[in-house]
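K.L.:
So the chains spell out like this:
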Amino acid sequence: DTAVSQTPKYLVTQMGNDKSIKCEQNLGHDTMYWYKQDSKKFLKIMFSYNNKELIINETVPNRFSPKSPDKAHLNLHINSLELGDSAVYFCASSQARSSYEQYFGPGTRLTVT
Amino acid sequence: GNSVTQMEGPVTLSEEAFLTINCTYTATGYPSLFWYVQYPGEGLQLLLKATKADDKGSNKGFEATYRKETTSFHLEKGSVQVSDSAVYFCALSTNNNAGNMLTFGGGTRLMVKP
Chain A
1 DTAVSQTPKY LVTQMGNDKS IKCEQNLGHD TMYWYKQDSK KFLKIMFSYN
51 NKELIINETV PNRFSPKSPD KAHLNLHINS LELGDSAVYF CASSQARSSY
101 EQYFGPGTRL TVT
Chain B
1 GNSVTQMEGP VTLSEEAFLT INCTYTATGY PSLFWYVQYP GEGLQLLLKA
51 TKADDKGSNK GFEATYRKET TSFHLEKGSV QVSDSAVYFC ALSTNNNAGN
101 MLTFGGGTRL MVKP
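Protein chains in written order, with my numbering: chain A, 1 to 113; chain B, 1 to 114.
Take these hints with a grain of salt, some might be off.
Stated by the list, open to error - Calculated pairs, SDA-like style, for lysine to any residue (alpha carbon to alpha carbon, straight line, at most 20 Å):
#, chain 1, residue 1, chain 2, residue 2
1, A, Lys36, B, Asn2
2, A, Lys36, B, Gln45
3, A, Lys52, A, Pro106
4, A, Lys36, A, Lys67
5, A, Lys41, B, Lys60
6, A, Lys40, B, Thr94
7, A, Lys52, B, Val87
8, A, Lys44, B, Gln45
9, A, Lys36, B, Glu42
10, A, Lys36, B, Gly1
11, B, Lys60, B, Thr71
12, A, Lys41, B, Thr5
To be verified - Label pairs and their computed distance ranges (CB to CB):
#, chain 1, residue 1, chain 2, residue 2, range
13, B, Lys113, A, Ile56, 42 to 52 Å
14, B, Glu69, A, Ser80, 44 to 54 Å
15, B, Asn2, A, Ala96, 13 to 23 Å
The set of hints was computed from the structure by calculation and includes no laboratory data. C-beta: ideal position from N, C-alpha, C; glycine also.
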């Protein structure tokens, strides 16, 4: 069984569209995260979500909005997509907010044309 | 703020060669340090970790020692294999109200040739 799964794996869309990426973890973890990996492989945290508390990285545009319907899911919705949003987005989870080890999903490659 | 600097790649080695990937960090407080590995087309996997000064993390033949005096956490392996070809990320975490958000280095691509 996949511990952290993301859908879709690939997403190609045009500028200005709105899209969502879904993430699910079956590990029973309390905390979930979204990371962005750019074309140079540089990884940066976007959000952390724990028990309905959202911690936002201030550098993330407000076009990005995470939504958590329950503890096992953290979806990422992106409005008005821009070329610079093209990247690989990784979801991760950890057992608790204080846990050191994070488990990553396989990533979603987003291409904005 | 926190930051992690690691050597740029790619690093190309022959099988059974010795590997070192340098990593240095800047952090407020007392960070925990990690090495993550990303195999082609996959997500990141935790390779090893060290949570306090002088700790040595080890896994699958890889080792790294938390050196507070030099703010370093260099990754080493005595004899690499072709299957070790991947991108390696050094990272740190300091626990605060936001939880353990990881700060990553830029990644180092390792290519091992038969």
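K.L.:
Need the list of violated hint numbers for this structure, in ascending order.
P.N.:
Going through the list in order, the structure violates hints 3, 5, 6, 7 and 11 and respects the others.
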